[in-house]
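If you want the building blocks of each chain, they are given just below.
There are 2 protein chains.
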Amino acid sequence: MEKLRDGYLFQEIRRREEEHRKKYPTANVITLGVGDTTQPIPQIITSSMVQKACALSTDEGYSGYGPEQGEKALRQAIADKLYTHVEVKGDEVFVSDGAQCDISRLQLLMGSNLTIAVQDPSFPAYIDTGVLIGQTGEFHEKTRKYKNIEYMKCGPENDFFPDLSITPRTDIIFLCSPNNPTGHAATRKQLQQLVEFATKNGSIIIYDSAYTAYISDDSPRTIFEIPGAKEVAIEVSTFSKFAGFTGVRLGWTVIPKELKYANGFPIINDYNRIVCTCFNGASNIVQAGGLTCLSQEGYMALCSVIDNYRENAKILIDTLTSLGLKVYGGKNAPYVWVKFPGSSSSWDVFTEILEKTHIVTVPGAGFGPGGEGFIRISAFGNREVILEASKRLKTLFK
Amino acid sequence: MEKLRDGYLFQEIRRREEEHRKKYPTANVITLGVGDTTQPIPQIITSSMVQKACALSTDEGYSGYGPEQGEKALRQAIADKLYTHVEVKGDEVFVSDGAQCDISRLQLLMGSNLTIAVQDPSFPAYIDTGVLIGQTGEFHEKTRKYKNIEYMKCGPENDFFPDLSITPRTDIIFLCSPNNPTGHAATRKQLQQLVEFATKNGSIIIYDSAYTAYISDDSPRTIFEIPGAKEVAIEVSTFSKFAGFTGVRLGWTVIPKELKYANGFPIINDYNRIVCTCFNGASNIVQAGGLTCLSQEGYMALCSVIDNYRENAKILIDTLTSLGLKVYGGKNAPYVWVKFPGSSSSWDVFTEILEKTHIVTVPGAGFGPGGEGFIRISAFGNREVILEASKRLKTLFK
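For the record, the sequence lines run as chains A and B. The first sequence: position 158 = 157 (numbering that gives the first Met the number 0), numbered continuously. The second sequence: position 159 = 158 (numbering that gives the first Met the number 0), numbered continuously.
Rather than coming from a laboratory, the hints here were simulated on the basis of the structure. A couple of the hints might just be wrong.
Listed below are the simulated SDA-like cross-link pairs for lysine to any residue, each with C-alpha atoms no more than 20 Å apart in a straight line [to be verified]: (1) A:Lys-71 to B:Arg-20; (2) A:Lys-313 to A:Gly-227; (3) A:Lys-71 to B:Lys-338; (4) A:Lys-71 to B:Glu-16; (5) B:Lys-71 to A:Gln-10; (6) A:Lys-71 to B:Gln-295; (7) B:Lys-71 to A:Arg-13.
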């Protein structure tokens with residue numbers, strides 16, 4: 000616990016935003032920092048939650064504890080709708096209150112005596128939960144890295160994917176695609192290399208597909224599209240960015256039955272025991288909403304919300320490109336990853352943008368040393384807000 | 000992980016119930032096993048969840064991520080309504096998706112290098128999460144105990160409260176009152192002794208008050224009624240049994256600012272970091288319901304549901320007492336704890352009751368070796384079901 004640095008990144012961003020609002024009480028602050036959804040949830044989905052809540056006040060409709068692993072119908076719908084061609088089974092899906100919570104439960108499964116690799120930059124929860132569980136050594140101020148973690152650099156020089164030829168073996172490899180923060184969706188070829196690498200090394204991949212609904216090209220939607228992945232990978236995902244459920248809370252983890260320890264014992268059995276001991280299931284009201292997200296009509300409604308965020312990303316990309324900046328991501332993810340020229344630290348750029356335009360972003364360095372020099376800009380927002388942000392950015396960098 | 004015994008108790012009970020239903024497909028099985036609420040949630044409470052769900056489909060009412068620690072209004076309402084005379088502050092309350100989940104987060108806070116004490120018998124999650132986090136040694140088949148855990152025997156001989164004069168010092172003491180499974184509410188004097196013991200030893204008490212709403216006498220409702228408790232105790236609680244939220248999911252943990260490590264660092268700061276790293280807040284829809292539970296009208300409606308369960312407990316107590324059995328609990332908790340004469344194991348008694356009356360209970364030994372010879376019977380159920388159960392028990396033990 001003592002090793003853990005500072006505050007959690009997004010809490011720190013929120014703290015700085017609050018400070019800024021106090022300093023400029025009349026400023027129209029635009030929040031493109033923490034990747035938080037902004038568009039209303041389609042009514043067909045909230046209606047099913049309303050219906051479930053009403054039922055809980057009736058004798059016939061009341062229910063108490065549900066299965067810790069999630070309602071059977073929802074587990075099956077996730078398998079059928081989101082893993083159609085890769086044959087994930089309903090009982091390999093563990094419904095949860097969100098991907099971040101699942102990551103810490105997976106860390107509990109793995110314990111402290113193992114080695115992990117993360118993309119650099121990466122979503123901070125992989126490292127922070129690893130530090131909490133005791134997997135890491137001390138933090139080095141100079142390198143900005145923890146000991147005992149393998150940081151796999153991902154930048155423009157390697158198409159934002161780890162160079163596996165120079166990556167040492169670790170027990171666990173965290174990989175997020177489409178990536179937060181870089182917005183890069185791993186290609187089929189990249190993922191094939193990764194699965195091969197994990198198979199050869201006896202490593203387990205923890206694949207975070209939280210942004211898969213934003214993929215607009217033919218990049219794989221799930222790691223299980225890659226042959227052999229079921230023997231080496233766990234997939235963590237969420238309704239947060241797919242259905243605007245960031246505050247509603249619903250996610251899932253897929254543990255294939257084929258995934259085994261070196262001694263042949265299925266990992267799914269252990270994960271099931273953890274879920275039953277440390278968790279009591281996602282809210283039944285919320286699960287009813289999740290089921291409707293996966294209905295034909297619910298899914299269509301969500302696609303239109305996502306299209307809207309994608310259009311936002313395009314506006315931001317066009318704006319920043321027109322200013323001569325190097326812009327990545329945004330095509331398969333709701334995040335635009337911008338390289339700033341010069342040697343200013345990304346926290347300085349973050350502060351400059353905030354001070355001069357009242358726009359909250361996230362400094363790349365917050366995601367690890369490999370993010371230095373970059374800024375992540377979120378495409379979540381109402382259209383007018385995104386247009387206003389573009390206008391301000393144009394003025395700042397003209 | 001390998002040290003952990005069998006399945007989680009309540010999962011095992013459910014498995015046996017399913018098996019029984021398959022064996023006797025036409026039997027009218029009565030479930031008084033897993034302590035699961037059965038009565039509808041008062042409409043005033045579900046209405047506020049309906050309202051919140053509807054708002055999420057509007058531009059004005061939509062919201063994304065909330066504070067990981069819970070909505071400010073709910074934190075304050077918990078402090079004001081449930082800790083009225085003990086001056087808990089809103090920012091000492093961490094709202095969660097349930098007490099069981101909080102216990103595993105507290106275990107993460109504490110880590111593996113410490114010693115714990117639990118009541119014997121006790122709610123199995125304290126031990127099981129401790130085993131998962133690596134606090135314990137091997138399980139001894141003969142004693143039915145894990146190494147490195149202090150089992151504090153609680154039975155009729157010591158008024159169901161640990162004999163602290165023979166209890167060795169541990170870093171953490173788990174105490175549940177009103178107790179699950181014994182139904183005993185610790186008296187003020189007992190809790191004063193405990194706080195004194197923890198203070199003297201530099202131990203932290205993790206006080207589980209999940210059943211506090213069932214107290215009908217003047218036993219303390221919270222550990223913080225005891226002077227000095229804020230320096231040595233954390234309290235974990237839940238809306239599950241208080242508001243029928245077992246499937247809806249909402250709980251909280253109180254960490255007083257006065258509670259510090261030996262080096263003077265406030266524990267609340269570390270817990271806050273864990274909550275922000277491993278959790279993303281309880282569902283916003285559910286929190287809206289929680290807030291209404293604490294309104295005047297919502298609270299009154301819940302008290303009437305609880306009175307109904309209390310009446311159930313009285314019926315069970317009267318029935319079992321009339322059969323000449325020794326019956327404990329039930330007055331301050333929804334559980335009746337029954338001693339069976341003779342040397343049969345509690346799993347045998349469980350099986351006999353199930354086979355001959357189709358009533359699911361929980362064998363005392365499932366809660367630890369100190370529960371051997373007892374059966375826990377839950378008072379959650381519709382009145383007719385409880386009356387029918389009483390009838391069957393009378394026939395069995397007449």
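Right, here's what the structure says about each hint:
For the proposed pair Lys-71 (chain A) and Arg-20 (chain B), the alpha carbon gap of about 19 Å is at most 20 Å, so the pair holds. A threshold of 20 Å between alpha carbons decides the hint, and for Lys-313 (chain A) with Gly-227 (chain A) the separation of about 35 Å lies outside it, so the pair is violated. With a C-alpha separation of about 38 Å, the suggested pair Lys-71 (chain A) and Lys-338 (chain B) falls outside the 20 Å cut-off, and the hint is violated. Simply put, Lys-71 (chain A) and Glu-16 (chain B) have alpha-carbon atoms about 18 Å apart, close enough for the 20 Å limit, and the pair holds.
A C-alpha spacing of about 16 Å is found between Lys-71 (chain B) and Gln-10 (chain A), which places the hinted pair at or below 20 Å, so the restraint holds. With a C-alpha separation of about 37 Å, the suggested pairing of Lys-71 (chain A) with Gln-295 (chain B) is violated against the 20 Å cut-off. Between the alpha carbons of Lys-71 (chain B) and Arg-13 (chain A) the distance comes to roughly 15 Å, so the proposed pair stays at or under 20 Å and holds.
Checked against the numbered hints given earlier, this structure breaks hints 2, 3 and 6; the rest are met.
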